[in-house]
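Undergrad: Below, each chain spelled out in residue letters.
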Amino acid sequence: MSIKIIAFGQIAEITGKEVSIDAVDTNSLRLELNAQFPQLEGKKYGIAVNKKLVTNDVTLYEGDIVALMPPYSGG
Amino acid sequence: MENYNTRYARHYSLNNFGSEGQQKLANAKVLVIGAGGLGCPVLQYLAAAGVGTIGLADNDVVSLSNLQRQVLYSTEDIGRAKASVAALKLQQLNPDITIESYKMVVNNVNALDLIARYDMVIDCTDNFAARYLINDACVLLDKPLIFGAIYQYEGQVAVFNVKDANGNKTNYRNLFATPPDPLEVADCNEAGVLGVLPGIIGIMQATEAIKLLTGLGEVSVNKLLTFSILDYTNFVIEITPDDSVLELMPRDKLAFKNTDYNWLCGVSTAGIEDLDAASFLQKADLPDTLVIDVREADELPKVHFSNLNIPLSALSDKMSEIGVNNVLLFCQSGKRSLKAGKMLLEKFGNSRKISHLQGGIIALQEDNNE
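From first to last, the protein sequence lines are chains A and B. According to my numbering, numbering within the first sequence proceeds without interruption in unit steps and concludes at 453. According to my numbering, numbering within the second sequence proceeds without interruption in unit steps and concludes at 1419.
Since the hints were derived computationally from the structure, they do not count as laboratory data. All C-beta atoms, glycine included, are put in the ideal place defined by N, C-alpha and C. Hints are not guaranteed to be accurate.
As the list claims (entries may be wrong) - Taking CB as the label site, the calculated pair distances span:
(1) 417(A) with 1304(B): 44 to 54 Å
(2) 1350(B) with 417(A): 49 to 59 Å
(3) 1202(B) with 441(A): 23 to 33 Å
(4) 1362(B) with 410(A): 24 to 34 Å
(5) 417(A) with 1280(B): 42 to 52 Å
(6) 1141(B) with 417(A): 43 to 53 Å
(7) 410(A) with 1153(B): 44 to 54 Å
(8) 417(A) with 1243(B): 16 to 26 Å
(9) 1144(B) with 417(A): 22 to 32 Å
(10) 1331(B) with 410(A): 48 to 58 Å
(11) 1289(B) with 414(A): 22 to 32 Å
Claimed, not checked - Below, a sample of chain A positions facing chain B; criterion: calculated Cβ distance under 7 Å:
(12) 387
(13) 394
(14) 413
(15) 415
(16) 426
(17) 429
(18) 430
(19) 439
(20) 441
(21) 451
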């Protein structure tokens, strides 16, 4: 199942602003992202599913939109 | 009208604001930490709006490369303390309010006493160590925290430690439980920033502060707003309350005072001495000492003291050539030199004295006030 990903900041520099990934849940999504973009390994980012931040593994459904939010520190 | 002040005439006549809103601002005490890109617009607009007491804390001095975005300062202010210049300019802008200026680094020792004196904190800092420290202090003291951060063309804004309609509140650790590795994250010095971006994000922070103080509109509680200046899109996500993150924080004030946030955020490492610009230059001349530039060969600026160039990428192959007992490392911002220090520490253990220039060449230049 193809999930639409929107990436921000430094993550977007690696993955591109938008990308589609096949995944059934957020854990497998992370693994698949790391496989496709090895530079993501060890990078810190939050995952929001349909604009809601998730911290545990969450099942993904057709049409879900997943955002990858890295922390910004500039000021 | 009691206490009428023509300065605020446009506020008095504003629907849903009026003299009541103005009085709430006058009674408020707001602490702004960091008087840089975000801090300048926050301070200017809060002072102009008539926030009764504004605390500002910053330990930096004005440098030429700040002026592209830090609009409180002029060319003639280069080399002067931001805390003093900002206080002066804000008091000129609005003599009717109280400005409390602190020329100091907010740290684990002084943060709680400082923050306790204010109703609200606005985080305008530029590094993770400060952001986690301020977050944890605000959680411990139950103070509203208005967070803002920028990266190149995007900014983030959030309001922490304020209850939503369901009584839930969140903090920065609900978003990012633990700090990232500092070597993974670029700052404004390295990544660059379009000067208008902190202006926009800072004004959003000031807006959230005014809304929260006066009860106006809807405050961005338990949400993270990400705004792009390239296409003006904003992306709002909901932050979920989760008390398990409290276990990652100091559990009380004493534990907070004993927490080394620089170490926690990887800015310092046991076994590697952090040197400021002056002590670095002093130690560079000592006998039995090798200064190593771990930048790539073509990186600028060149430095005036003698050194050996071994780029970080080539360090592991050349480490065995290092025969001296004292190794001084430097790079552009202090991140690669720290990484190089960790590699040397792994190889040599404590048999060599390893030091690095904290803040890198940038700190060395700012020390000369450009």
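Undergrad: A separate judgement is required for each hint: does it hold in the structure or not?
TA: Hint check results:
1. 417(A) with 1304(B): 44 to 54 Å: Check failed, 36 Å falls outside 44 to 54 Å.
2. 1350(B) with 417(A): 49 to 59 Å: Given range 49 to 59 Å: violated, Cβ gap about 29 Å.
3. 1202(B) with 441(A): 23 to 33 Å: Holds: the Cβ-Cβ distance is about 29 Å, inside 23 to 33 Å.
4. 1362(B) with 410(A): 24 to 34 Å: Hint holds: Cβ distance 29 Å, inside 24 to 34 Å.
5. 417(A) with 1280(B): 42 to 52 Å: Violated: the Cβ-Cβ distance is about 25 Å, outside 42 to 52 Å.
6. 1141(B) with 417(A): 43 to 53 Å: With a Cβ separation near 49 Å, residue 1141(B) and residue 417(A) satisfy 43 to 53 Å, so the hint holds.
7. 410(A) with 1153(B): 44 to 54 Å: 47 Å, holds
8. 417(A) with 1243(B): 16 to 26 Å: 24 Å, holds
9. 1144(B) with 417(A): 22 to 32 Å: Violated: the Cβ-Cβ distance is about 53 Å, outside 22 to 32 Å.
10. 1331(B) with 410(A): 48 to 58 Å: The hinted range 48 to 58 Å holds for residue 1331(B) and residue 410(A), with Cβ atoms some 52 Å apart.
11. 1289(B) with 414(A): 22 to 32 Å: Distance hint for residue 1289(B), residue 414(A) holds at roughly 27 Å.
12. 387: OK, holds: residue 387(A) within 7 Å of chain B, min 5 Å.
13. 394: With a minimum Cβ separation of about 15 Å from chain B (threshold 7 Å), the hint on residue 394(A) is violated.
14. 413: 19 Å, violated
15. 415: 14 Å, violated
16. 426: This hint holds: residue 426(A) lies near chain B, its Cβ roughly 4 Å from the closest one there, short of 7 Å.
17. 429: Interface hint status for residue 429(A): holds (5 Å vs cutoff 7 Å).
18. 430: 5 Å, holds
19. 439: 18 Å, violated
20. 441: 17 Å, violated
21. 451: Because about 5 Å separates residue 451(A) from the closest Cβ in chain B, which is inside the 7 Å limit, the hint holds.
Going through the hint list in order, the structure does not satisfy hints 1, 2, 5, 9, 13, 14, 15, 19, 20.
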